[in-house]
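So the mapping is simple: this note's numbering equals the position in the sequence shown, first residue as 1, plus 1195.
What the hints contain is simulated information worked out from the structure, not anything from laboratory work. Note that this is a predicted model, so its numbers are computed, not measured. For every residue, glycine included, the Cβ atom is placed at its ideal position computed from N, Cα and C. Treat the hints with care, as some may be off.
[As the list claims (entries may be wrong)] Pairwise CB distance ranges, derived in the manner of DEER restraints:
no., residue 1, residue 2, range
1, L1242, N1201, 26 to 32 Å
2, A1257, L1225, 28 to 34 Å
3, A1224, P1244, 38 to 44 Å
4, L1250, P1219, 40 to 46 Å
5, I1239, D1202, 36 to 42 Å
6, D1249, L1220, 36 to 42 Å
7, L1222, N1201, 42 to 48 Å
8, I1203, P1244, 39 to 45 Å
9, V1240, D1202, 46 to 52 Å
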Amino acid sequence: MLFFANDILAKLHSSNINEDITMPLALWALTLSAFAIGTTEFVIVGLVPTIANDLGVSLPSA
């Protein structure tokens, strides 16, 4: 197994990897939107007690 891994690493090292690898625009957009959706979900969960207190309702009602 180790010989096989060393063989693969040697081939990768000897190949020309000087090409720039760029992320497609669609993948950037998907990454940004997933981060934004996840962030907004966690932020609102942290603010629910404050919102409930300001509105004068119980926490489960908010």
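Results of checking the hints against the structure:
1. The hinted window of 26 to 32 Å between L1242 and N1201 is violated, with their beta carbons roughly 53 Å apart.
2. Range check, A1257 to L1225: Cβ separation about 32 Å, and the 28 to 34 Å hint holds.
3. A hinted range of 38 to 44 Å for the beta carbons of A1224 and P1244 is inconsistent with their spacing of about 33 Å.
4. Between L1250 and P1219 the C-beta distance comes to about 44 Å, which sits within the given range of 40 to 46 Å.
5. In this structure, I1239 and D1202 break the distance hint of 36 to 42 Å, their C-beta atoms being roughly 52 Å apart.
6. At roughly 41 Å, the beta-carbon separation of D1249 and L1220 lies within the given 36 to 42 Å, and the hint holds.
7. Between L1222 and N1201 the beta carbon distance is about 32 Å. The supplied range of 42 to 48 Å is therefore violated.
8. Between I1203 and P1244 the C-beta distance comes to about 53 Å, which lies outside the given range of 39 to 45 Å.
9. At about 50 Å, the beta-carbon gap between V1240 and D1202 stays in the expected band of 46 to 52 Å.
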